[in-house]
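Student: Protein chains in written order, with our numbering: chain Y, 1 to 662; chain W, 663 to 771; chain R, 772 to 1313.
Calculated directly from the structure, the hints in this document are not laboratory data.
Because the structure is a prediction, the values reported are computed rather than measured.
A virtual CB, placed ideally from N, CA and C, is assigned to each residue, including glycine.
Among these hints, one or two may not hold up.
Chain Y is faced by these chain R residues, among others (derived, beta-carbon under 8 Å) [claimed, not checked]:
(1) Tyr957
(2) Phe1218
(3) Ser1221
(4) Val1232
Which chain R residues face chain Y? A few, computed with CB under 8 Å, are given here [what the hints assert, rightly or not]:
(5) Leu812
(6) Leu1020
(7) Ala1110
(8) Thr1171
(9) His1175
(10) Phe1211
(11) Leu1227
(12) Gln1244
(13) Pro1250
(14) Pro1253
(15) Gly1287
Non-contacting residues of chain Y with respect to chain R, defined by C-beta distances greater than 10 Å in every case (computed) [unchecked claim]:
(16) Pro434
(17) Gly462
(18) Arg468
(19) Thr509
(20) Gly647
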Amino acid sequence: MSVGHTAAGGMSADFAGTLAILLLALPLAGCLVNALFGRRLGRRFVNVVGPGVVLAAFVVAVVVLVNVIGASEEGKSTTVQLWQFIDLGKGNLQTSVATTFDPLSALMIMVITGVGFLIHVYSVGYMEHDESPHRFFSYMNLFIFSMLLLVLAADFFILVIGWGLVALSSYLLIGYWYQRPSAVAAARKAFITQVIGDVALVIAAFMILTRLRTFSLSLPQIFADAGASFDHGGPYITGICVLLAIAAFAKSAQFPLHTWLPDAMEGPTPVSALIHAATMVTAGVYLIARFHTLFDLAPFAQGVVACVGIGTAFMAGVIALSQIDIKRVIAYSTMSQIGLMIFAVGIGAYSAGMFHFATHAVFKALLFMAAGNVIHALHDEQDIRLMGGLAPRLKITNFCFLVGSFALAGIPIFAGFFSKEELLGFGSVHGPLPPTLWVVGVAINVLTGVYAFRLYFTVFHGEARTARVDAAHEAPRSMLIPVELLTLGSIVVGLVMLPALPGIAGANTIGDFLDPVFKAGGAQLIDEPGRSVAWATLLVGTAASFIGVGLAYRWCYQHRPDAQVVASRLPRPLTQLSLHKFYFDEIYDAMLVRPTRALARSMRRVVEPNVMDGWIRGIAATFRELSLDFRFVQTGIVRDYAALMLGASAVFVVYMVVVLAK
Amino acid sequence: MLGDSEMLDDNSFPVLLALSAALFTIGAMGVLVRRNPLVVFMSIELMLNAVNLAFVTFGRFLNSEEGQIFAFMVIVVAAAEVVVGLALITQVFRTGRELDVDELSEMKE
Amino acid sequence: MNSIPWLTLVLVVPLGTVVLLQLVPHNARTLIKAVTIVGTLATAAIVAGLVVAFTQNPAPAQVALPQGGTHVSPITFQFEEQREWISQIGASYHLGLDGVSAWLLALDAGVFLLGALVVSARSTDRLKFYCGLLLLSETATAGVLLSVDLLLFYLFWEAMLIPLYFLLSNYGDSNRGRATLKFVIYTAAGSLLMLIAIIYLYFQSPPPPGSSHASFDLTALMLNPGPAQGVVHIPVHIGSAINADIPLLTPIQFAFIAFFLAFAIKVPLVPFHTWLPDSYTSCPPAALVFFAGIVSKLGAFGFIRYGLTLFPGPVHDYRWILEALAILSIVYGALMALAQVDIKRIVAYASVSHLGFVVLGIFALNANGINGAVIQMVNHGIIIASLFLIVGMIEQRTGTRDRHQLAGLEKRMPWLYAFFLVVTLAGLGMPGMNTFVGEFTIMLGAFQASWILAVLAGTGVILACWYMLRLHQGLMHEPPKPATEGVRDIGTGERLVLVPLVGLMVLIGVFPRPIGDVARSNVSQYVTVANGAQPVAQAPQQ
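Please put together the full structure from these sequences, using the hints given.
Tutor: Structure (structure tokens):
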């Protein structure tokens, strides 16, 4: 069944093939069963099958992780070919369905199935009063399947399929409440943005395929041949990497393809937690990390990625300061955090970027689900100006949200601290014009502290601003347990990196785990910052985080607990930019959407009837005119015809006699 | 028949053709000028017979039977035509309408 | 296998069913339906057997020449049959199946079976006439795919027009008169030019040894294109002052343009497409299934079978024009679909856009492009038939085709919603669905020809996503409007019609290999023929 290349000390091909099929088939089966029979079998059945298949996939993922950790240095990566997808002959398109298990994909599938399972459990409670849970869980399972396909793919073609299916499930879930026009529009916007990324990805695939020595789309083959096929730093490889980066930006909501993410908050809150915070939006980071071999060949593209990442992180942080929708604030913070990850993989700190992905998945899912508890308690109220004073009423949620905010702000001990400081440490010595981007990163730390705690204080402290707050009650158990587990995770997950803190043990746990992927094929890893630099950046970064939290405390808690107090303290142009989200929606509408619509309309009104149909109608009209001109001949009187006939015959006879007789 | 042939020498060939042409022209003029369908009909008969005469003449002088064969065909067709035509004219007459070919133009359009 | 003339059977079975239908009384509606379905089913069964039995790398075909002797055809056909037809002029009854026509034949048999099912599900006046026309169309379209002789091909090509004319003019909607006229004049004009070109090719080709006249056989014409001729000049002499020869084109280029027009109108390529929206919107549902499902693909098939093989020189000379027209079709069709209000017209223009991809793949002139075009032709047939069926179901229930009057159908029609969703995704090129495989391969071929083509085609993909999603969401989501209050969901029969279509879309999306396996060896022959003759064609330019 399976053909694969494994080195000694790794998984056997058959075993890996079985695991891969199990991982993919479980959520897919859940999706199909829920879609086809869910309505008949009822809510209880769906509530078991939906999360159940993800739990089973999580168990398989743990087996994979154990095997990958246990494998020898050379056997870390196991690629299995499941079946040939299409074969157009040698020298033409030949692709197969193939999967790879290596530390990178193992980390991804752990997060996807682990966090995914908790969010599924949470959804059981959150969607309790929804009328079509089978539809919801079917879409959710489809998402898990697509995401697993995306990260396991060992063939570019299959990667693109996973890439597209992820966008599809995101589309379906954003537009889940299909009777809301805003949700429908948001879903479409998200999908179209994703398709722009898809096209970029597909063209990148063409560029790689046609220039690669072996004319192959197999990822291991691409990485093995990249060095010999592309000139280091040449325009061709730079083009490929820029296209890959565009695809990554579309998926990860980075400038200039970021506008869909805040709108995507129209989806149910578990969806925002799973797709638009923890997993899908980080697929761009994964993509760049996966294609690190190519990016290492294109320093210019890396620079672009790093700058866009840090720029988006800063911009999103500024916007988050003034938003009044609880989910949108978290969405902008997600955009900002992913910007940091993109920055990390852009400067070559792949392991650091992926570690931040893992911790961010935990604490951001936590924040979203805690926010979901708040929304649930207030009966679908999302405007933070109408909240406040929830802390005594939602004690557990309050605590969990606080932990999540600490992790987000990067306060020591909490998960975000370790990952963010690690990647900022790399940023201080690498990337374009060091340490310019690092300075921006420190500013982002301040911003993060401010917006995270502005949100926390406004929602949970101060006076209750509506009557609904007084009636708020804590969420059911199924919604609290996942949140509590993630709270624990937000405190614990970062601790695996405790030995990596400069001056403690010098052992980089995550780095040791992931680096074999990024060292494969003799690639050079970037140097870690020296010990003194590391300490300095750590202290400055942490201080910045504390300053941010302190400012929020002063403005939003002590001073005047008002949602727009932060925005009012910014310089006026920045306030305007923040309130209007840097005017991107307006610009795109004016520059892309409207002109295209106008073009299409003018085509229909002017070009189609006059030009396209015009030339053929012109021919028809010419003949019509001609026939009208000769119409007088047809009098309808037989004798006229007879006379004409006779006359013509006479002329003919005379012609015969006179001309031909000569 | 043999005896008749002595009456026809080569000189009578153009005379007979001229007679045929004259009959044809008279017939054609009749068709074009007269309005009464009966007269038009007779003129058509005149034209057909002019053609018959031409056929037979050519047949005789070219020593071939085809002329006679065609003449017989024309006679048959003419007979059929007369049957149909006269039936039509009687029908029109019965409806009490004026017999004028220019007025009988309902089929037009 | 050789003893039974399978390909002739494919042509004869529908024709025999027509004869059988004449024995059935007019009012025995159930029997008429049953006979029609059995006839199309039997044809489909034979075709399925043919596709399964199609082998990948058959021995080179020996083709009999009209006056005895054989030669090796550059294109390998299977299940060949060759009989005398009009031997006096070198036209023979020559049928053959290659990897490209095999899949189109499968699509053909499929859409006609589907059409027969749709006819039986709806109440139609003059049912027997309708069913007879449907079966006649099946024979004609299958004949176009199977014939290897140019005269035979032309016969079927024209024969196709007759049943379509009667279907459109008798069963169409209120606009049928205008629509039929436009369709018939457009296509007839194209085909007549092609006839002239066929006759030119015939006289141009030198007779094979021992014979006094040439042959209409495609393989013979491919091997014996005749001596290349120089450019035709128009002498202009006005008095003594102006005395010039205006150079035009070579005769073979003229002939190619004639073939091109016939096929481009059928496909249709922009700007020869304006018959299509009118005809499609006016066409009755069952006829639309095969009208949209197979007829337009025959134009694209003609480009592969005749354009590439008979005119390798002109194809290279005009390559950029052909590719530009394909891109124009993609983008223009998409923009027009975006601007329409009538949902049937949206689908019609979407069809124009999708067929642009097919033509782009063909004129990329490499194996990826043409294989992709084959895959995409099959995909497009399935998708466009389903889309029109679904749009027809919606129109039947709500009584309107106005996009603005329709909304919120998802709540009322969950089944239709699910089917429509899959079809929409397939239509917009969702990865994992069948169109993606086709478009990816075509765009790869186009990219190998020139990167700019792939990028421009990419904008078509983005626009497709926009108009398809807007159509689907507009009809399905948001609160219902007056026209959509209280409509009923589709019944079991309609679901059973849609299930196999939707199933195929997913199946081809995840397991497209068989299409490529059957098509690729013939496709590489077409690529060789299309590219190999390039130097010959460029010689006489002086």
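Student: When the nearest CB of chain Y is found for Phe1218 (chain R), is that gap smaller than 8 Å?
Tutor: Holds: closest Cβ of chain Y sits about 4 Å from Phe1218 (chain R), inside 8 Å.
Student: Tell me if the interface restraint on Thr1171 (chain R) is satisfied: Cβ within less than 8 Å of some Cβ in chain Y.
Tutor: 19 Å, violated
Student: With 8 Å as the cut and Cβ atoms as the points, is Gly1287 (chain R) at the interface with chain Y?
Tutor: 5 Å, holds
Student: Would you check whether the claim that Gly647 (chain Y) is not at the interface survives, using Cβ distances to chain R and the 10 Å cut-off?
Tutor: Label holds. Min Cβ-Cβ 33 Å, cutoff 10 Å.
Student: Decide, holds or violated, for the assertion that all CB atoms of chain R are farther than 10 Å from the CB of Pro434 (chain Y).
Tutor: 35 Å, holds
Student: Taking 10 Å as the cut and beta carbons as the points, is Arg468 (chain Y) off the interface with chain R?
Tutor: 26 Å, holds
Student: Is the interface hint satisfied for Pro1253 (chain R)? The criterion is a beta-carbon contact with chain Y at less than 8 Å.
Tutor: 16 Å, violated
Student: A closest beta-carbon separation below 8 Å is what the hint needs, so does Leu1227 (chain R) meet it against chain Y?
Tutor: Given a least distance of 11 Å, the restraint on Leu1227 (chain R) is violated.
Student: Double-check Gln1244 (chain R) for me: the hint is only fine if its C-beta lies closer than 8 Å to a C-beta in chain Y.
Tutor: Holds - the Cβ of Gln1244 (chain R) comes within 8 Å of chain Y, reaching about 5 Å at its closest.
Student: Any Cβ of chain R at or closer than 10 Å to Gly462 (chain Y), or is the non-interface label fine?
Tutor: 37 Å, holds
Student: Would you check whether Tyr957 (chain R) satisfies its interface hint, that is, whether its CB is within less than 8 Å of any CB in chain Y?
Tutor: 7 Å, holds
Student: Closer than 8 Å between Cβ atoms is the bar; does His1175 (chain R) clear it against chain Y? Give me holds or violated.
Tutor: 14 Å, violated
Consistency with the previously given hints fails for numbers 3, 5, 6, 8, 9, 11 and 14, ordered from lowest to highest.
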